[in-house]
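*Asks:* Chain residues, written in single-letter form:
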Amino acid sequence: MENFEAPAISLASMAMLVELRISTWTARKRDKETTADLNTAKEADQDASSVYKYLMAGSDHLSKIEKYAAKCRAWNGTQTLPWMKGIGLLPMDNFFSYREQLGTMEANFNALVDDFILAYPTLVSAQAFKLGKYFDASEFPDVASLPRRFKFEYNFLPVPEKGDFRIQCEDRVRQDLAEQYDKMFNNKMNEAMRDPWDRLHKMLSKMSETLTDNEDGKRNIFRDSLVNNALELCGLLSVLNVMKDPALEEARRMLEKAINGIDPEDLRKIPSARAELKHSVDDILNKFQW
Amino acid sequence: MTKLANIQIPDKLILDPFLEQLVNKLALDNPQWVFSWKKTNEMSSPWPMQSKKDAEGNNIKAPDGLQYLRAVYVFEQSERLGKLSIGLRYSRSGSVATYYIESWRIENQRGARNGTYTEKFDIAVRKAKKNFVRMNHDEVMKKGEGYIKDGIFSTLRELREPIYRTSLIKDTVGLQKYVFCMARGLPIPDEIRNSLEDVFRSEKYELHMANYELAIEMGTQINSDSMVYVINEGGRYLCKANDDIMYLEFDSLPVAWQERIAVLQLMEDHEVVRNVGYRYNSTHFYIIA
Chain E
1 MENFEAPAIS
11 LASMAMLVEL
21 RISTWTARKR
31 DKETTADLNT
41 AKEADQDASS
51 VYKYLMAGSD
61 HLSKIEKYAA
71 KCRAWNGTQT
81 LPWMKGIGLL
91 PMDNFFSYRE
101 QLGTMEANFN
111 ALVDDFILAY
121 PTLVSAQAFK
131 LGKYFDASEF
141 PDVASLPRRF
151 KFEYNFLPVP
161 EKGDFRIQCE
171 DRVRQDLAEQ
181 YDKMFNNKMN
191 EAMRDPWDRL
201 HKMLSKMSET
211 LTDNEDGKRN
221 IFRDSLVNNA
231 LELCGLLSVL
241 NVMKDPALEE
251 ARRMLEKAIN
261 GIDPEDLRKI
271 PSARAELKHS
281 VDDILNKFQW
Chain R
1 MTKLANIQIP
11 DKLILDPFLE
21 QLVNKLALDN
31 PQWVFSWKKT
41 NEMSSPWPMQ
51 SKKDAEGNNI
61 KAPDGLQYLR
71 AVYVFEQSER
81 LGKLSIGLRY
91 SRSGSVATYY
101 IESWRIENQR
111 GARNGTYTEK
121 FDIAVRKAKK
131 NFVRMNHDEV
141 MKKGEGYIKD
151 GIFSTLRELR
161 EPIYRTSLIK
171 DTVGLQKYVF
181 CMARGLPIPD
191 EIRNSLEDVF
201 RSEKYELHMA
211 NYELAIEMGT
221 QINSDSMVYV
231 INEGGRYLCK
241 ANDDIMYLEF
251 DSLPVAWQER
261 IAVLQLMEDH
271 EVVRNVGYRY
281 NSTHFYIIA
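So the sequences go chain by chain: E and R. Mapping to the numbering used here: the first sequence position 263 is 263, numbers consecutive. Mapping to the numbering used here: the second sequence position 20 is 20, numbers consecutive.
In case anyone wonders, no lab produced these hints; they're calculated from the structure. All C-beta atoms, glycine included, are put in the ideal place defined by N, C-alpha and C. Errors might be hidden in some of the hints.
[Claimed, not checked] Which bits of chain R does chain E cover? Going by a derived footprint, with three or more residues having C-beta under 8 Å, they are: (1) 2-8; (2) 123-137; (3) 164-178.
[As the list claims (entries may be wrong)] Simulated crosslink set (BS3-like; lysine-lysine; CA at most 25 Å straight-line): (4) R:Lys3 x E:Lys67; (5) R:Lys130 x E:Lys71; (6) E:Lys67 x R:Lys130; (7) R:Lys3 x E:Lys71; (8) E:Lys71 x R:Lys120; (9) R:Lys204 x R:Lys177; (10) E:Lys64 x R:Lys3; (11) R:Lys130 x E:Lys269; (12) R:Lys39 x R:Lys25; (13) R:Lys83 x R:Lys129.
Based on the sequences and whatever the hints tell you, model everything.
*Replies:* Now the structure itself:
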């Protein structure tokens with residue numbers, strides 16, 4: 001895919017930036033004593049290895065929160081386009097649905113944290129048995145300090161289109177900074193616009209590969225997600241196409257048409273259905289320059 | 001008990017502990033799903049499905065004023081994906097609590113037509129995730145097409161009915177005499193002429209005849225496959241013409257279609273407009289291509 005030439009619509013009006021920050025208490029502590037013992041036993045330098053203990057071993061309260069946080073971050077990645085580290089570009093078409101789900105996720109994250117905090121005093125007592133000789137009550141934070149160890153924050157920001165440098169310096173320096181910003185902005189925009197193409201290409205390549213029967217005539221094993229994920233991507237691409245790239249929309253429509261009404265069970269049973277879908281997918285792969 | 005934002009049940013109800021673990025897992029994994037139940041007196045009990053005893057040996061009961069809920073509906077953006085409930089399976093060795101996952105996607109030849117039972121948590125999660133999937137365009141169209149077809153056939157029947165049944169002309173013998181005399185050039189008796197011509201000249205008859213003509217005309221259009229099914233889905237238009245399904249913005253539709261949809265948007269439900277199409281409701285239309 002060549003660099004996408006932006007049509008005459010402003011990115012700032014079509015998208016916004018979103019910064020999602022989720023942090024959790026790790027409950028991990030370096031065990032200096034065991035580290036020293038281990039390194040000595042191995043006749044190694046003291047910085048050769050480190051032993052970390054997990055204070056919440058054997059309890060799933062905290063791991064539930066960690067897993068949920070990871071899930072929220074991954075979801076955020078699918079719903080936005082990459083912009084800067086920790087900041088995604090959110091197309092306005094996707095804003096309301098994104099905002100609603102993010103709100104649910106935030107409330108659920110807080111509910112899990114509240115549960116954990118409520119159970120924390122009991123959990124700490126139980127850890128004495130689970131951690132054995134590793135247990136040291138002083139290493140467990142005070143329950144009052146726990147809430148600030150968990151954070152679910154997000155900010156919506158406008159997309160700054162021109163470098164607005166209000167600093168006291170020579171015009172030449174200011175112009176340099178503005179040019180540098182514009183260059184960065186264009187690079188970021190091209191990267192962001194490439195991302196939907198990459199997602200589509202990855203999906204199509206995977207489908208084409210999976211739908212190719214082996215040399216002995218047997219089909220590859222695949223789940224219903226082969227079709228469901230493609231359908232989901234079609235829905236997502238319609239909102240992630242921030243700059244309304246007509247080629248991307250055409251590719252999306254071709255995929256949507258190819259998989260509409262396809263039953264994964266039929267694909268498993270009928271070789272000609274697999275061949276037909278593969279043909280349609282390959283057509284899309286061949287039509288565009290990736 | 002974890003209070004998740006996408007589990008919305010009445011204040012007097014709490015999820016049965018057996019159902020709660022399944023609902024919580026699915027609610028966390030799928031924030032876009034909403035689990036709800038509105039009826040307070042159905043599918044609930046003060047006793048949990050799996051009886052448990054407290055330290056004193058008494059059966060555990062729901063806290064005062066609360067009941068354990070044993071079923072929830074699952075929605076995504078107001079589309080009902082299915083239902084989760086719990087029950088007991090009886091066997092010689094005793095009774096076992098089971099999950100019941102209900103969805104139109106599950107089609108069994110025997111037993112529960114649109115549902116599946118399992119005792120295992122992991123299997124229940126997997127089955128719910130597999131079957132609780134929003135309808136794709138093809139499925140939305142298939143369902144909508146059915147509604148539109150039923151709607152237009154019944155509307156056309158209603159339009160044709162008064163003329164078909166000669167409901168305004170009570171004296172059918174008189175009508176036959178009238179036509180007989182006309183065909184043979186005989187004088188029509190005044191009594192018959194006056195009573196029939198009064199009916200024929202009435203506004204009501206004119207309207208019925210116009211409706212009849214409209215129904216016949218529309219029926220011909222339908223039979224000639226020159227119609228397009230249109231469903232407004234979340235602001236975009238799902239159209240089916242000649243077995244091709246398209247999902248487009250209003251601006252991307254052919255101008256003629258845009259105009260016809262715009263006209264039908266101003267009409268009442270179940271209204272047929274000559275050379276335009278039929279409106280089933282505010283989101284489902286059947287237009288002339």
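*Asks:* A separate judgement is required for each hint: does it hold in the structure or not?
*Replies:* Hints, verified against the model:
Under the rule that three or more residues need a Cβ within less than 8 Å of chain E, the assignment of the stretch 2-8 of chain R holds, with 5 such residues. Counting residues of the stretch 123-137 of chain R whose beta carbon lies closer than 8 Å to any beta carbon of chain E gives 4, which meets the minimum of three for the stated coverage. Remark: the stretch 164-178 of chain R is not confirmed as covered by chain E, as 0 of its residues place a Cβ nearer than 8 Å to a Cβ of that chain, below the required three. Between Lys3 (chain R) and Lys67 (chain E), the direct Cα distance comes to roughly 18 Å. Compliance with the 25 Å bound is thereby established for this hinted pair.
Restraint check for Lys130 (chain R) and Lys71 (chain E): the C-alpha separation of about 19 Å stays at or below 25 Å, so the hint holds. For the hint linking Lys67 (chain E) to Lys130 (chain R), the alpha-carbon distance of about 21 Å falls within 25 Å, and the restraint holds. At roughly 19 Å between alpha-carbon atoms, Lys3 (chain R) and Lys71 (chain E) fall within 25 Å of each other, so this suggested pair holds. For the proposed pair Lys71 (chain E) and Lys120 (chain R), the alpha carbon gap of about 24 Å is at most 25 Å, so the pair holds.
The hinted pair formed by Lys204 (chain R) and Lys177 (chain R) meets the criterion: a straight-line CA distance of about 23 Å does not exceed 25 Å. Annotation: proposed proximity of Lys64 (chain E) to Lys3 (chain R) holds, straight-line Cα distance about 15 Å (limit 25 Å). With a CA separation close to 19 Å, the supplied pair Lys130 (chain R) and Lys269 (chain E) stays within the 25 Å bound. Between Lys39 (chain R) and Lys25 (chain R), the direct Cα distance comes to roughly 23 Å. Compliance with the 25 Å bound is thereby established for this hinted pair.
A distance of roughly 12 Å separates the Cα atoms of Lys83 (chain R) and Lys129 (chain R); the hinted pair therefore holds under the 25 Å criterion.
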